[in-house]
Amino acid sequence: MRVLFVSWAWPSHLFPMVPMAWGLRLAGHEVALGCPPALVPVATRTGLPVVSLGEDVDLAPRMNALMTGGKPRRDRRTPLDMFVPVAEAMADDLLEFARGWRPDVIVHDPTTYAAPAVAAALGIPSARHLWGIDFSYPLRMFEEMAFGALYERLGAEVVISGRTPTLDPCPPGLQVDVEYEPLRMAYRPYNGTGVYERGLLTRSDVPRVCVTWGTSSGKFGAAGEIPARIFDAAASLGLDVVFATSGAEKLGPEHPSSWRTVVMQPLNLVLPGCDLMIHPGGSGSAMTAVLAGLPQVCLPLIPDQETNAAQLCAAGAGLRVAAADATAESVEEALSTLLDDPGFAAAARDLREQSRALPDPGAAGQELLALVGG
Amino acid sequence: MIACWAWNTLYFPLVPLTWSLRAAGHEVVVATQPGTADAVRRSGLPVAVVGEEFDAGALMGGFLRRLAEEEGADPVEWREMRRFGPRNCWLGVAAARAMTGGLLEFARAWRPDVIVYEASTYAGPIVADLLGVPAVRHTYGIDFAGLFRDFEADALAGLCAEFGLGEAKSLDAPSIDPCPPSVQIDSQAARFPMRYVPYNGPGVLPGWLTEPRRRKRVCVSWGMSSGRFDPKLVMTGKVVRAIAGLDVDVVAAVSAADREKLGELPPNVRVVSGLPFHALFGQCDLVVSQGGLGTVMTAVAAGLPHLVLPQISDTMLNARMLKAAGSADLLLPSEWTDDTLAGTAAQMLADPAYPEAAARLRDEMHALPTPNEMAGSLAAIAG
Numbered sequence: 001m002r003v004l005f006v007s008w009a010w011p012s013h014l015f016p017m018v019p020m021a022w023g024l025r026l027a028g029h030e031v032a033l034g035c036p037p038a039l040v041p042v043a044t045r046t047g048l049p050v051v052s053l054g055e056d057v058d059l060a061p062r063m064n065a066l067m068t069g070g071k072p073r074r075d076r077r078t079p080l081d082m083f084v085p086v087a088e089a090m091a092d093d094l095l096e097f098a099r100g101w102r103p104d105v106i107v108h109d110p111t112t113y114a115a116p117a118v119a120a121a122l123g124i125p126s127a128r129h130l131w132g133i134d135f136s137y138p139l140r141m142f143e144e145m146a147f148g149a150l151y152e153r154l155g156a157e158v159v160i161s162g163r164t165p166t167l168d169p170c171p172p173g174l175q176v177d178v179e180y181e182p183l184r185m186a187y188r189p190y191n192g193t194g195v196y197e198r199g200l201l202t203r204s205d206v207p208r209v210c211v212t213w214g215t216s217s218g219k220f221g222a223a224g225e226i227p228a229r230i231f232d233a234a235a236s237l238g239l240d241v242v243f244a245t246s247g248a249e250k251l252g253p254e255h256p257s258s259w260r261t262v263v264m265q266p267l268n269l270v271l272p273g274c275d276l277m278i279h280p281g282g283s284g285s286a287m288t289a290v291l292a293g294l295p296q297v298c299l300p301l302i303p304d305q306e307t308n309a310a311q312l313c314a315a316g317a318g319l320r321v322a323a324a325d326a327t328a329e330s331v332e333e334a335l336s337t338l339l340d341d342p343g344f345a346a347a348a349r350d351l352r353e354q355s356r357a358l359p360d361p362g363a364a365g366q367e368l369l370a371l372v373g374g
Numbered sequence: 001m002i003a004c005w006a007w008n009t010l011y012f013p014l015v016p017l018t019w020s021l022r023a024a025g026h027e028v029v030v031a032t033q034p035g036t037a038d039a040v041r042r043s044g045l046p047v048a049v050v051g052e053e054f055d056a057g058a059l060m061g062g063f064l065r066r067l068a069e070e071e072g073a074d075p076v077e078w079r080e081m082r083r084f085g086p087r088n089c090w091l092g093v094a095a096a097r098a099m100t101g102g103l104l105e106f107a108r109a110w111r112p113d114v115i116v117y118e119a120s121t122y123a124g125p126i127v128a129d130l131l132g133v134p135a136v137r138h139t140y141g142i143d144f145a146g147l148f149r150d151f152e153a154d155a156l157a158g159l160c161a162e163f164g165l166g167e168a169k170s171l172d173a174p175s176i177d178p179c180p181p182s183v184q185i186d187s188q189a190a191r192f193p194m195r196y197v198p199y200n201g202p203g204v205l206p207g208w209l210t211e212p213r214r215r216k217r218v219c220v221s222w223g224m225s226s227g228r229f230d231p232k233l234v235m236t237g238k239v240v241r242a243i244a245g246l247d248v249d250v251v252a253a254v255s256a257a258d259r260e261k262l263g264e265l266p267p268n269v270r271v272v273s274g275l276p277f278h279a280l281f282g283q284c285d286l287v288v289s290q291g292g293l294g295t296v297m298t299a300v301a302a303g304l305p306h307l308v309l310p311q312i313s314d315t316m317l318n319a320r321m322l323k324a325a326g327s328a329d330l331l332l333p334s335e336w337t338d339d340t341l342a343g344t345a346a347q348m349l350a351d352p353a354y355p356e357a358a359a360r361l362r363d364e365m366h367a368l369p370t371p372n373e374m375a376g377s378l379a380a381i382a383g
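These protein sequence lines map, in sequence, to chains A and B.
The opening residue of the first sequence carries number 1 in the numbering used here; numbering runs sequentially from there.
The opening residue of the second sequence carries number 1 in the numbering used here; numbering runs sequentially from there.
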């Protein structure tokens, strides 16, 4: 069969679907990744065939406004408004490509709303592929208001999240409550690709913390003073630090020489030598840490990171520190709590084992094809 | 740990199994020399850079020029290559010399449970034996390297001795074999046939690919390796002009570097670079190529008839095997005129026996265990 995977322009929305795309390809199916032009270079480095769809929309200003606590715009109608221009910029080109390429099913990131609309217009099935915790499902009541005009233009009935199949790579104990029956699968971290940093293979007895801003939060800079406070806290606790960065910032010479910066190194290669992680709470980082069996501290900057942090706390696998008033002391307290109480790492390992017991992404993809293909 | 020396087209056939192992939850790393690190990164997989670079293209080019002086312009038939004995393994031995020390050092730190090695990456079995872990050989399709396995121990004796290894037992490792058995060479060694899933590097699909075809479409390519052996081997321009005289659309698939060398082209020729063959071949009726391993196996996977124009012994082997299966024909360099090239292509496009044979070969390939299934069997194969 032919499966088209579609994501809008942030790597964190594409990456979770890569293992399933490869899994289906290696089971003999045709797959392609569709994404806006800005993501094409990152998408091609997955090794899969890529199609560029529509035009780029820059969401960073909206996200920055969210993070700096700016007031909602007066013309804001729904929490999904920011995804409307994203969907509009992609829909027509996606429709044209899908007409020619003829996918049997379109699998899409849950906030890539052009995909279910185009699939409905063409009368082909679509499925949501979660990035982890199902952040957007509780917002489904706004979908009709936000995307009604798009569906009307395409001549299709609005598809509400949860009414199409949902592919769920989240460990069950970390997922929010939902009213649909997901197709569950094991989470296989894909965090981009990189050359092994040889030095990470060796380590001392000092606990090592990974500090990262992920690929998405990194776009907004490292959120002002917060990193400095984290590094102060780590130094005060005498921890070894690996700073995994997307390149925007590096550790300065004032830091201990044993600390390392790794640039664009996939987290799944960095974390096996670490004991805990601290980050804003983005899904790729959070899930990769869980799959490495590590406890984590989250300092959420945007709403989905808040949800991730809340779920990690509820599962006992992490702690949340409010980013707005984080101090070196509050960070130090959170880090030392995770180091002193083995329950956090045990909870993370429990989530990891839940995930490992689930079907491979390729097998879950086959289940989907059986479901939609009859 | 996946071991491959620095040649992109030898690496590509390893990508499917490696991704299947990863998607099944195993930790994987591709260990290769610096020259292939970027190709590994572009396949979405983690890479460990080991050993030193060596200029395999120049070495191979020099070898081919000397061979042509002795043997003439037409390639030596693969059966006759056996008279060169252990010298058949020379390029793999040179790669192993540049790579074994670095691979050993990395493997000692990373501690693989099993080493999967490209068929001519002899550093793989040597390091596996030095570490005492199992090794699995991985072919790249029609197993040219497998013709010379009985010479490998002699060819590698010196290198093994330098590392204190009496003999590299893993040179006899079982092979995972992404090749339909009907076009594979005979062999006494254990083989586990696997479905070949084409990986030809990443790429962006152009819009025209999904538009309806008005005429038959012929792809002409000289692959990615020949130009690195010797730019004079690349005959794309000549072949394209000959084929374009037919009532067909021609797609000339060239590396970006070869684009300028094509010369003047007729209007029914479209030039593409960086478009994966697996995306293109499904939209073609015939491929005309030098017969390299990636082109050959990807054409088989697409059920596409093939006119092979072999210049060296391994592509000669590919051509003979496909011709025997009925999906290909071949012309030797001494036969390449505009008339024979266009005439043979026209005859292949008109004769339904070629696509029928190609479809049979494709179906045989598609019935083999997938890379996902093979990944599940790796532990049993490694023993």
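Treat each hint with caution, since some may be false.
Which residues of chain A face chain B? A partial, calculated answer using Cβ under 8 Å [stated by the list, open to error]:
#, residue
1, T44
2, A89
3, G100
4, L269
5, G273
Short, incomplete list of chain B residues facing chain A, as computed with Cβ under 10 Å [claimed, not checked]:
#, residue
6, G35
7, A256
8, A257
9, V272
10, G326
11, L330
12, L331
13, P333
14, W336
If you are wondering where the hints come from, they were derived from the structure by calculation, not from laboratory data.
Where a beta carbon is used, it is the ideal one built from N, C-alpha and C, also for glycine.
Hints versus structure:
Checking T44/A against chain B: minimum C-beta separation of about 4 Å stays under 8 Å; hint holds. With its C-beta approaching chain B no nearer than about 17 Å, A89/A sits outside the 8 Å limit, and its interface hint is violated. Because the closest C-beta pair between G100/A and chain B is about 3 Å apart, less than 8 Å, the hint holds. With a cut of 8 Å, the hint placing L269/A at the interface with chain B holds, because the nearest CB-to-CB distance is about 6 Å.
Taking 8 Å as the C-beta cut-off, the interface hint given for G273/A is violated, the closest approach to chain B being about 11 Å. About 13 Å separates the beta-carbon of G35/B from the nearest beta-carbon of chain A, more than 10 Å, and the hint is not met. With 10 Å as the threshold, the beta carbon of A256/B stays out of range of chain A, its nearest partner Cβ sitting at about 15 Å, so the hint is violated. Below 10 Å, beta-carbon pairs count as interface contacts, and A257/B has none with chain A, the closest being about 19 Å; its hint is therefore violated.
Proximity of V272/B to chain A is violated relative to the hint, the smallest CB-CB distance being about 13 Å (cut-off 10 Å). Look at G326/B: its Cβ only gets to about 23 Å from chain A, farther than 10 Å, so that hint breaks. Proximity of L330/B to chain A is violated relative to the hint, the smallest CB-CB distance being about 29 Å (cut-off 10 Å). This hint is violated: L331/B has a C-beta 31 Å from the nearest C-beta of chain A, more than the 10 Å allowed.
Violation of the interface hint for P333/B is found here, the shortest Cβ-Cβ separation to chain A being roughly 34 Å, above the 10 Å cut-off. Hint on W336/B is violated. Least Cβ distance to chain A is approximately 33 Å, over the 10 Å limit.
The structure fails hints 2, 5, 6, 7, 8, 9, 10, 11, 12, 13 and 14 (numbered hints given earlier, in ascending order).
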